[in-house]
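Visitor: Spelled out, the chains give:
Protein chains: 4
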Amino acid sequence: MRKLIVGVMGGGEGASEDVCRLAYELGRLIAQEGWVLLNGGRGVGVMDASAKGARECGGLTLGVLPDRNAADASPYIDIPVLTGFGDGRNYINILTSNVVVALPGRTGTISEIALALKNGRSVILLDFDLGELFSEYRKAGLMISVRKPEEAIAEIKKILADTTQFF
Amino acid sequence: MRKLIVGVMGGGEGASEDVCRLAYELGRLIAQEGWVLLNGGRGVGVMDASAKGARECGGLTLGVLPDRNAADASPYIDIPVLTGFGDGRNYINILTSNVVVALPGRTGTISEIALALKNGRSVILLDFDLGELFSEYRKAGLMISVRKPEEAIAEIKKILADTTQFF
Amino acid sequence: MRKLIVGVMGGGEGASEDVCRLAYELGRLIAQEGWVLLNGGRGVGVMDASAKGARECGGLTLGVLPDRNAADASPYIDIPVLTGFGDGRNYINILTSNVVVALPGRTGTISEIALALKNGRSVILLDFDLGELFSEYRKAGLMISVRKPEEAIAEIKKILADTTQFF
Amino acid sequence: MRKLIVGVMGGGEGASEDVCRLAYELGRLIAQEGWVLLNGGRGVGVMDASAKGARECGGLTLGVLPDRNAADASPYIDIPVLTGFGDGRNYINILTSNVVVALPGRTGTISEIALALKNGRSVILLDFDLGELFSEYRKAGLMISVRKPEEAIAEIKKILADTTQFF
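Note that the protein sequences, when read in sequence, are chains A, B, C and D.
According to my numbering, the stretch in the first sequence is residues 1 to 167, in order.
According to my numbering, the stretch in the second sequence is residues 1 to 167, in order.
According to my numbering, the stretch in the third sequence is residues 1 to 167, in order.
According to my numbering, the stretch in the fourth sequence is residues 1 to 167, in order.
FYI, nobody ran anything at the bench for these hints, they're computed from the structure.
One thing to keep in mind: the hints can contain errors.
Note: identical chains are not told apart, hence a pair may lie in one copy or across any two.
[What the hints assert, rightly or not] Dumping the calculated DSSO-like pairs for lysine-lysine here, alpha-carbon to alpha-carbon at most 30 Å:
1. LYS139 / LYS52
2. LYS148 / LYS118
3. LYS158 / LYS3
4. LYS52 / LYS3
5. LYS139 / LYS3
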C-alpha cells in the first residue's frame, strides 16, 4: 500500500516568517502521519520550511525542481526530482500529489491551485484568503479553508475516509 | 524581423456565446495587424473562436495542444504544436507569447495568467474581472484591463512602442 | 487543409560544413513544396542551415527551442516556440512533425529518431548511417535511408500518397 | 546526505524473461546498497522487475510515469511521479538519476541513453550491445559495458569514488 503524497505549495523568496512557521508545523504533522511530503524543492520559503519540518520528524521529502541540477534544492529534500522544466513543473507537482495544501503565495502558488482543482485534486487553503476565486470548487467541496496546520491534517483524513482513489 | 505572437487565453467548453464573440473579434483584429495568433488549439470556446476570426482575416494561427495528436485541434489552427503534456502546455503557451490577452475563463485561464505574469509577459484582461487578484502586477503596469477587442489592440501597440524586447 | 510539417533533425555545434550544406538544400526544397519546416530552432548547425534554406525560398520556419527566451534562436526562424524544457523539447519536436528527416548528428539527434519511431513518425535518414540500429523499423518501412535532399522529398511524397493521416 | 538515485532503464512490454531476471537482480543489489531505484514506473518489463527486486530488499522505488494517473504503475513502485508528459518524461528520468544502468531495450531505452550521455550522466550498459553507437562517450569513460548486475554495482562504486558531484 502506497503512502499518501501531500503536496505543500506556497510562497518562495517572498514568504513571510509567519507563513514559513506554518509550513514548518505542517511539515512536521505530515511526517508524523507517515505521509510523504512533496513540494517545489527549492531552499526558500514554504518549500524549505515544510521540508525542514518533515525531515525533523523522520518524514520522506520529495522536491520537484524546476532546474536541471540540484544546486538550489533545499538541504531538507531527500529526493530531488529534476525536471528541467521551469514553472512547467507545477503541473507535475499537482499531478503527483494526492491532495494539496496551499499556504499564502503569489503567481506560482495560484497557478498550482488552479491546475490542482482542474485536475481533480482537493485543495486545502491554509490561512490563505482567495476571496471568491475558484468559489465554484469550494461549493463542490474540492476547495476547503482552514486556519491551522492541525485542521489541514484533519481535513486530509476526512478526504481519505471518503475516497479510495489514492490506493 | 519576426512577427509578434499574441497569446489569446480564455474558457474552453464553458465559454459563453458573448465571450466567444469577443474572442472571434479579437482574432480578426490580431490578424489584421499582421500578428500571429497563438492559443491552446482545441476546437472549443475561446480557442476555436479566436482562431476562426484570425483565419478569416488571413492570419496565421498557432495552437499549442495538450494532446499527442491533432484530433481535437480546431479546424482554424494552421500549425498544431503537439506537446503531449496536458495542462503542462500552459507554460509553453505563455513563454511563446510575446503578450497575452485573457478573456473570461476558469482554472486553466487563471493558471496561464499567473504563469504569464510570473514570467514577465504583459497580460491584457479583456472583459475579465479578477477583482484584487494579482493587483501587485496591475500596479506595476504588467496587467491591464480593457472592455473591447479594439482596446486590447491599442494596448498591445502601446506595449510595443515601449519595448524592443520582442524583436 | 493544413500544410505538412516536416521536422529536420541533425547536429548542432558539431555539424560539418557538408552536413550543413545538405540541410540548407533540404530546407530550400521543403519550402518550395509549400511545406512548413520545423527544427530545434537554435542558430547553429543543421537547425540554422535548414531554416536559412527554407526562409530564402519563402517557406515558414518553426523552431521548438529548449530555452525560456529567443536569444539563441536562429535569425531564420519565423516562429520561435519557447518550451523552457531543455532536451525534453525533443519529444515535442517529433510529435509536432508529420514526418522527420534526420541528418548526421549525435545524442540529441539519436534521441529524436528513437522518439519519432516509437511514436509512429516516419524517419528519413539523409546521408546518416546508423548501421543496424532500429533495423526493425527499417524492415517495417518506417525508417528509410537516402543520400540526397531530392530523394528525401521524393520519399515524403510517397509517404503522403500512402496515407491520409496528416490531413 | 542524500541517497544516490540509480536510474534503471530497459525494455517494457517486449523485455525477455532473461532481461527481466537481470533487472530483478539489479534491483535487489541497488536496494542492498541503500540506494534509491528510479525507473519509468510502469508495471511491465524492466520497470516492474527492477522495482520488485528493490522492494523485496527494502529499497525505496521511484517511478517517473508518462501518465496523468497511477493506474498503470507497477505495484512495486513506492512513489509514482505523475508527469503526464508521455515519452517526454524520459528526460526527467535521466536528469533525476545520478547514474543510469541500461538493460536491453528499444527506442525508449535508446532515447534515454542518448539523453543521459548528452546531459553528463554516466551510463552502464548491462548485457546490452550497442555496437559502435555512442563510442565517443565510451572513449571518454562516460559509457561502460558490463555483463552482470554485480559488475554494474562495482562500476557505480568506482564512479562514486571518483566524484563528489552527487552529494
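Visitor: At most 30 Å between alpha carbons: which applies to LYS52 and LYS3, within, between, both or neither?
Guide: both (19 Å within a copy, 17 Å between copies)
Visitor: When Cα atoms must be at most 30 Å apart, do LYS139 and LYS52 count as within-copy, between-copy, both, or neither?
Guide: neither (34 Å within a copy, 35 Å between copies)
Visitor: Given a CA cutoff of 30 Å, do LYS158 and LYS3 count as a within-copy pair, a between-copy pair, both, or neither?
Guide: within (16 Å within a copy, 34 Å between copies)
Visitor: Under a CA distance limit of 30 Å, which applies to LYS139 and LYS3: within one copy, between copies, both, or neither?
Guide: For LYS139 and LYS3, only the intra-copy Cα distance (29 Å) is at most 30 Å; the inter-copy one is 43 Å.
Visitor: Evaluate LYS148 and LYS118 at a C-alpha cut-off of 30 Å and name the case that applies: within, between, both or neither.
Guide: Classified as both; 25 Å inside a copy, 28 Å across copies.
This entry does not satisfy hint 1, going by the numbered hints stated previously; all others are met.
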